[in-house]
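Novice: From first to last, the protein sequence lines are chains A and B. The first sequence begins at 1 in full-length UniProt numbering and counts up by one. The second sequence begins at 1 in full-length UniProt numbering and counts up by one.
Source of the hints: derived by calculation from the structure; they are not laboratory data. Since the structure is predicted, the reported quantities are computational estimates derived from the model, not experimental observations. Be careful, since some hints might not be right.
Stated by the list, open to error - Heads up, simulated BS3-like pairs for lysine-lysine below, C-alpha to C-alpha not over 30 Å straight-line:
| # | chain 1 | residue 1 | chain 2 | residue 2 |
| --- | --- | --- | --- | --- |
| 1 | B | Lys10 | B | Lys93 |
| 2 | B | Lys110 | B | Lys13 |
| 3 | B | Lys10 | B | Lys110 |
| 4 | B | Lys10 | B | Lys32 |
| 5 | B | Lys13 | B | Lys136 |
| 6 | A | Lys110 | B | Lys110 |
| 7 | A | Lys93 | B | Lys32 |
| 8 | A | Lys107 | A | Lys125 |
| 9 | A | Lys110 | B | Lys107 |
| 10 | A | Lys93 | B | Lys10 |
| 11 | B | Lys93 | B | Lys110 |
| 12 | A | Lys136 | B | Lys10 |
| 13 | A | Lys125 | A | Lys136 |
| 14 | A | Lys107 | B | Lys93 |
| 15 | A | Lys13 | A | Lys32 |
| 16 | A | Lys110 | B | Lys125 |
| 17 | A | Lys32 | A | Lys136 |
| 18 | A | Lys107 | B | Lys107 |
| 19 | A | Lys125 | A | Lys10 |
| 20 | B | Lys10 | B | Lys136 |
| 21 | A | Lys32 | A | Lys125 |
| 22 | B | Lys125 | B | Lys10 |
| 23 | A | Lys125 | A | Lys110 |
| 24 | A | Lys93 | B | Lys13 |
| 25 | B | Lys32 | B | Lys136 |
| 26 | A | Lys13 | A | Lys93 |
| 27 | B | Lys32 | B | Lys110 |
| 28 | B | Lys32 | B | Lys107 |
| 29 | B | Lys110 | A | Lys107 |
| 30 | B | Lys107 | B | Lys10 |
Protein chains: 2
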Amino acid sequence: MNEFLLEAIKEAKTGLAEGGIPIGSVLVHDRKIIGRGHNRRVQNSSVILHGEMDALENAGRQSASVYSECVIYTTLSPCSMCSGTILLYGIPKVVIGENETFVGEEKLLKERGVEVVVINDPTCKEIMRSFIEANKDLWNEDIGV
Amino acid sequence: MNEFLLEAIKEAKTGLAEGGIPIGSVLVHDRKIIGRGHNRRVQNSSVILHGEMDALENAGRQSASVYSECVIYTTLSPCSMCSGTILLYGIPKVVIGENETFVGEEKLLKERGVEVVVINDPTCKEIMRSFIEANKDLWNEDIGV
């Protein structure tokens with residue numbers, strides 16, 4: 001298991017334990033985690049704190065030169081908001097736990113030169129499968145459906 | 001002057017008075033403002049609270065059916081993060097104060113079926129022109145440069 005994806009999964013599990021949507025993310029610079037987070041729709045009534053957004057926010061204000069050397073890990077394929085944010089800050093690489101549950105803007109990211117790696121991790125898939133089975137409406141709200 | 005763009009400009013001016021980046025936004029449903037906000041990079045050390053994101057966050061959790069009837073007004077052309085969020089929530093129309101200072105993802109929005117209206121408002125342009133002249137580094141940070 002990739003050590004940073006494992007940390008993103010820990011974040012997803014923390015979110016689940018809080019009653020939230022179990023998606024987690026870490027932002028890594030120079031092989032160190034500089035921001036970590038998880039979806040906070042339920043916990044904070046937030047419509048913008050997806051896992052990736054929370055990780056970026058928790059990393060704080062960084063220079064373009066730092067972002068340009070970062071990798072963002074996320075347990076689930078990033079939606080258009082999170083992908084747009086990755087493009088805004090010029091993060092060159094995204095590592096995705098799984099994209100069976102949901103396929104975000106991977107194509108757009110690749111077209112814009114972002115390296116996209118999909119791990120196809122069974123733990124990530126199972127967390128989302130069981131969550132969505134029990135929380136279909138909440139999940140749809142999170143992806144704007 | 002469009003009444004809702006005027007409210008977005010008020011938000012931009014509030015941000016400026018707080019020492020922040022002067023970009024404002026309002027989210028309008030059924031001709032009522034349901035969320036308003038402004039860029040909070042400086043005020044909250046936030047990397048995700050652009051004006052549009054703040055307006056959406058302040059509108060709170062809304063159903064897809066509400067978003068599908070909304071118009072978002074913003075003083076400046078929306079960056080890839082804000083545009084991605086507009087796409088995530090299926091907001092069908094964006095009214096932009098100006099796009100001389102910065103051109104965001106207007107082309108992508110249009111390709112995805114979002115109606116994009118640019119007002120080309122002199123007040124919006126002047127607010128950003130004078131701000132960027134005095135705060136070039138801060139502005140670059142906000143757009144990931």
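Novice: Evaluate each hint against the coordinates.
Specialist: Structure-based check of all given hints:
1. This hinted pair checks out: Lys10 of chain B and Lys93 of chain B have alpha carbons roughly 20 Å apart, not beyond 30 Å.
2. A threshold of 30 Å between alpha carbons decides the hint, and for Lys110 of chain B with Lys13 of chain B the separation of about 28 Å falls inside it, so the pair holds.
3. The suggested pairing of Lys10 of chain B with Lys110 of chain B holds, with an alpha-carbon distance near 27 Å, which does not exceed 30 Å.
4. Restraint check for Lys10 of chain B and Lys32 of chain B: satisfied, since their Cα atoms lie roughly 16 Å apart, inside the 30 Å limit.
5. Using a Cα cut-off of 30 Å, the hinted pair Lys13 of chain B and Lys136 of chain B holds, with the two alpha carbons roughly 18 Å apart.
6. Between Lys110 of chain A and Lys110 of chain B, the direct Cα distance comes to roughly 20 Å. Compliance with the 30 Å bound is thereby established for this hinted pair.
7. For the suggested pair Lys93 of chain A and Lys32 of chain B, the alpha carbons sit about 40 Å apart, so the restraint of at most 30 Å is broken.
8. Distance check on the hinted pair: Lys107 of chain A and Lys125 of chain A sit about 20 Å apart at the alpha-carbon level, within 30 Å; holds.
9. Using a Cα cut-off of 30 Å, the hinted pair Lys110 of chain A and Lys107 of chain B holds, with the two alpha carbons roughly 17 Å apart.
10. Annotation: proposed proximity of Lys93 of chain A to Lys10 of chain B is violated, straight-line Cα distance about 38 Å (limit 30 Å).
11. Pair hint Lys93 of chain B plus Lys110 of chain B holds up; C-alpha atoms about 10 Å apart against a cutoff of 30 Å.
12. A C-alpha spacing of about 39 Å is found between Lys136 of chain A and Lys10 of chain B, which places the hinted pair above 30 Å, so the restraint is violated.
13. Taken as a hint, the Lys125 of chain A and Lys136 of chain A pair is honoured in the structure, with Cα atoms around 15 Å apart against an allowance of 30 Å.
14. A C-alpha spacing of about 24 Å is found between Lys107 of chain A and Lys93 of chain B, which places the hinted pair at or below 30 Å, so the restraint holds.
15. Distance hint between Lys13 of chain A and Lys32 of chain A is fulfilled; the C-alpha atoms sit about 21 Å from each other, no more than 30 Å.
16. About 33 Å separates the Cα atoms of Lys110 of chain A and Lys125 of chain B, which puts this hinted pair outside 30 Å; it is violated.
17. Of the pairs offered as hints, the one joining Lys32 of chain A and Lys136 of chain A is violated, with about 35 Å between alpha carbons and a cut-off of 30 Å exceeded.
18. Restraint check: the Cα-Cα separation between Lys107 of chain A and Lys107 of chain B comes to about 16 Å, which is no more than 30 Å; the hinted pair holds.
19. Simply put, Lys125 of chain A and Lys10 of chain A have alpha-carbon atoms about 14 Å apart, close enough for the 30 Å limit, and the pair holds.
20. With a C-alpha separation of about 22 Å, the suggested pair Lys10 of chain B and Lys136 of chain B falls inside the 30 Å cut-off, and the hint holds.
21. Using a Cα cut-off of 30 Å, the hinted pair Lys32 of chain A and Lys125 of chain A holds, with the two alpha carbons roughly 25 Å apart.
22. Restraint check for Lys125 of chain B and Lys10 of chain B: the C-alpha separation of about 14 Å stays at or below 30 Å, so the hint holds.
23. Taken as a hint, the Lys125 of chain A and Lys110 of chain A pair is honoured in the structure, with Cα atoms around 22 Å apart against an allowance of 30 Å.
24. Between Lys93 of chain A and Lys13 of chain B the CA atoms are separated by roughly 36 Å; this puts the pair beyond 30 Å, and the hint is violated.
25. Between Lys32 of chain B and Lys136 of chain B the alpha-carbon distance is near 35 Å, which puts this suggested pair outside the 30 Å criterion.
26. Taken as a hint, the Lys13 of chain A and Lys93 of chain A pair is honoured in the structure, with Cα atoms around 23 Å apart against an allowance of 30 Å.
27. For the proposed pair Lys32 of chain B and Lys110 of chain B, the alpha carbon gap of about 24 Å is at most 30 Å, so the pair holds.
28. A hinted pair counts as satisfied when its Cα atoms are at most 30 Å apart, and Lys32 of chain B with Lys107 of chain B qualifies at roughly 27 Å.
29. Taken as a hint, the Lys110 of chain B and Lys107 of chain A pair is honoured in the structure, with Cα atoms around 17 Å apart against an allowance of 30 Å.
30. In summary, the hint linking Lys107 of chain B to Lys10 of chain B is supported, as the alpha carbons are separated by about 27 Å, within the 30 Å threshold.
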